[in-house]
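Work out the full structure, taking the sequences as your base and the hints as a guide.
Residue numbers (the working numbering), protein chains in the order written: chain A, 1 to 319; chain B, 1 to 319.
It is worth saying that the hints were derived from the structure and are not from the lab. Accuracy of the hints is not assured; some may be wrong.
Copies of one chain are not kept apart here, so a pair can be met inside one copy or by any two copies together.
[Claimed, not checked] In silico DMTMM-like cross-links for lysine to aspartate or glutamate, where the CA-CA straight-line distance does not exceed 25 Å:
hint, residue 1, residue 2
1, LYS111, ASP135
2, LYS111, ASP153
3, LYS263, ASP150
4, LYS159, GLU109
5, LYS239, ASP150
6, LYS244, GLU260
7, LYS239, GLU308
As a plain string of letters, each chain reads:
2 protein chains.
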Amino acid sequence: MFPRIVLFCGGVGGARMANGFAAAMAPQDLQIAVNVGDDFVFCGLNVSPDLDTVMYTLAGLNDTQRGWGFRDETWIASRRTAQLGGPAWFQLGDRDLATHLTRTAQLAEGKSLSAVTASLCSAVGIQHSIVPVSDQPIRTRIRTADTLLDFQDYFVRQKAEPVASQILYSGASEANLVNAVRLALDNTHLQAVIIAPSNPWLSIGPMLAIPELKTTLQRLRARTPVIAISPIIAGQAIKGPAAKLLGELGHEVSAFGVAEYYKGLITHLVIDNGDAHLAERIRGLGMQVHCTDILIPTPAEQTRLAQELLALVSSTATA
Amino acid sequence: MFPRIVLFCGGVGGARMANGFAAAMAPQDLQIAVNVGDDFVFCGLNVSPDLDTVMYTLAGLNDTQRGWGFRDETWIASRRTAQLGGPAWFQLGDRDLATHLTRTAQLAEGKSLSAVTASLCSAVGIQHSIVPVSDQPIRTRIRTADTLLDFQDYFVRQKAEPVASQILYSGASEANLVNAVRLALDNTHLQAVIIAPSNPWLSIGPMLAIPELKTTLQRLRARTPVIAISPIIAGQAIKGPAAKLLGELGHEVSAFGVAEYYKGLITHLVIDNGDAHLAERIRGLGMQVHCTDILIPTPAEQTRLAQELLALVSSTATA
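Here it is in structure tokens:
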């Protein structure tokens with residue numbers, strides 16, 4: 001397998017972009033690398049929310065209305081857990097539970113997270129390659145005025161309400177890229193790296209905190225397009241707490257704030273047509289700007305954006 | 001709480017006897033101590049099958065036909081786990097899962113197994129006191145000709161088919177009785193210790209392997225009835241592999257074999273009317289014999305046997 005495109009993603013925006021590329025590209029041409037900073041242990045189970053969201057989305061099993069988990073899900077175990085006084089702030093559907101039970105058992109047998117993910121993807125009929133960005137644990141933590149919160153505690157239990165002062169990525173500095181991603185970034189068939197419209201701080205940051213990835217992108221961008229898609233449109237996050245977080249961390253709440261975050265790492269930022277007025281300022285940061293419609297809630301829009309980005313990559317190659 | 005009766009039990013036979021005593025006695029008069037040798041970790045979850053069987057039975061939630069787990073149970077998570085290639089040899093119902101999720105989470109928070117059990121029992125409305133015999137792990141293992149099997153591997157995955165040459169109770173020699181049981185056995189209100197018609201080697205053995213319990217019973221029996229009920233009737237186990245195991249371990253497959261196992265620890269063995277011909281040989285082992293109908297599949301029969309045993313205790317006290 002010699003992927004032409006490596007896509008880094010996390011969260012719902014990431015899964016949508018991954019779905020678009022998977023629809024637009026043959027399995028051997030695409031490597032999907034997924035954030036593991038949200039991973040955590042809940043009731044003894046190894047839960048990997050970003051991997052699961054990508055997996056369920058590509059398998060067509062995801063609930064598009066709720067935005068996470070299985071469609072047609074049941075909640076028998078979770079509801080009863082609440083009745084028993086057990087933790088119920090993170091809802092585990094009965095079908096979803098099977099993913100975590102399987103992952104936990106296979107990790108306990110000594111399998112790597114990437115091997116477990118490959119096995120799960122195969123079981124749900126996904127042909128494209130989805131890997132965790134690293135097989136080593138990376139844990140995103142949120143510093144607030146008075147405490148340090150685990151990611152899911154912040155994001156789910158406290159509904160991202162606490163004011164963040166700093167985002168930490170425990171374990172990232174000792175983590176390595178999984179081999180599939182390292183090889184894909186190194187090989188001569190690589191045409192572009194895509195960074196999905198995921199939350200830069202929460203979904204992409206944990207991956208960029210892997211020293212190997214950051215230096216690789218810095219090196220790559222001299223010869224290969226590294227294209228990020230803004231998760232911010234008109235000062236609003238497409239989904240989730242990205243805009244709130246940008247403000248709290250002292251950044252401009254706009255596609256320009258996103259551009260500043262990726263400065264030195266990307267060659268192109270894709271922004272919404274409505275944000276075209278920011279293009280010139282963003283170009284001033286040393287990157288090209290591509291304006292288009294980046295709101296992609298439906299599979300058709302996801303495929304359209306992926307195809308448009310692939311065309312952008314082709315035009316860059318021939319330019 | 002000054003219990004008059006301490007009941008040691010495990011397995012389905014144990015849960016039936018516990019149910020009978022719970023129906024026949026006020027909560028403050030009874031202490032139920034449950035085997036933990038079957039406990040294991042499955043897919044990351046702390047499963048305590050014997051505690052759960054007693055708990056579900058006393059709460060009236062148990063499936064009496066299947067003999068384990070919840071009645072009206074669903075199997076969504078377990079079936080999907082099998083589809084995903086995860087371990088499915090131990091079936092976890094969706095409602096049952098909630099018990100294990102809650103237990104695992106609370107143990108991870110640092111609660112003891114007895115505190116978790118008290119909390120679960122309270123949540124399902126049980127007023128009688130059910131405790132694990134110990135808060136330290138005891139793990140039953142089965143030695144066969146060529147390997148050493150974890151209990152659930154032997155009992156569930158391999159359906160108790162391997163030929164056992166020895167039963168080991170890892171951890172038992174370092175385990176202590178939980179305080180509730182220690183206090184109940186020590187206090188002057190104690191009228192009798194009952195050992196349920198559970199598998200002596202698999203359900204009672206792990207408890208008797210706690211040095212503190214064995215020496216306490218040896219001391220107690222001089223002044224207090226210690227009454228075991230045979231799980232063997234007419235050379236057959238009432239349920240499970242007790243008869244097969246007795247033979248494999250070189251014992252007589254009868255209530256007499258059970259009596260030999262308990263020799264020096266009990267004052268009375270309760271055997272089935274149909275085994276009355278064994279009474280004289282059993283008495284020769286230094287214990288009294290009480291013959292009655294010991295098959296107790298229904299709650300009414302369970303209560304009847306418990307009441308009969310309480311009458312036996314009373315008659316012993318006045319004798």
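Against the structure, the hints:
When the C-alpha separation of LYS111 and ASP135 is checked against a cutoff of 25 Å, the pair qualifies only within one copy, where the shortest distance is 10 Å, while the shortest distance between copies is 31 Å. Taking identical chains as interchangeable, the C-alpha atoms of LYS111 and ASP153 lie at most 25 Å apart only when they sit on different chains, with a minimum of 20 Å there against 27 Å within one chain. In this assembly of identical chains, LYS263 and ASP150 lie within 25 Å of each other by CA distance neither inside one copy nor across copies; the values are 27 Å within and 56 Å between. Taking CA atoms no more than 25 Å apart as the test, LYS159 paired with GLU109 passes between copies only; the shortest distance there is 22 Å, against 34 Å inside one copy.
Taking the shortest Cα distances, LYS239 and ASP150 sit within 25 Å of each other inside one copy (20 Å), while across copies they are farther apart (48 Å). For the identical chains of this complex, LYS244 and GLU260 are intra-copy neighbours only, at 16 Å inside a copy versus 73 Å across copies, given an alpha-carbon limit of 25 Å. For the homomeric pair LYS239 and GLU308, the shortest alpha-carbon distance inside one copy (22 Å) is at most 25 Å, but the shortest distance between copies (67 Å) is not.
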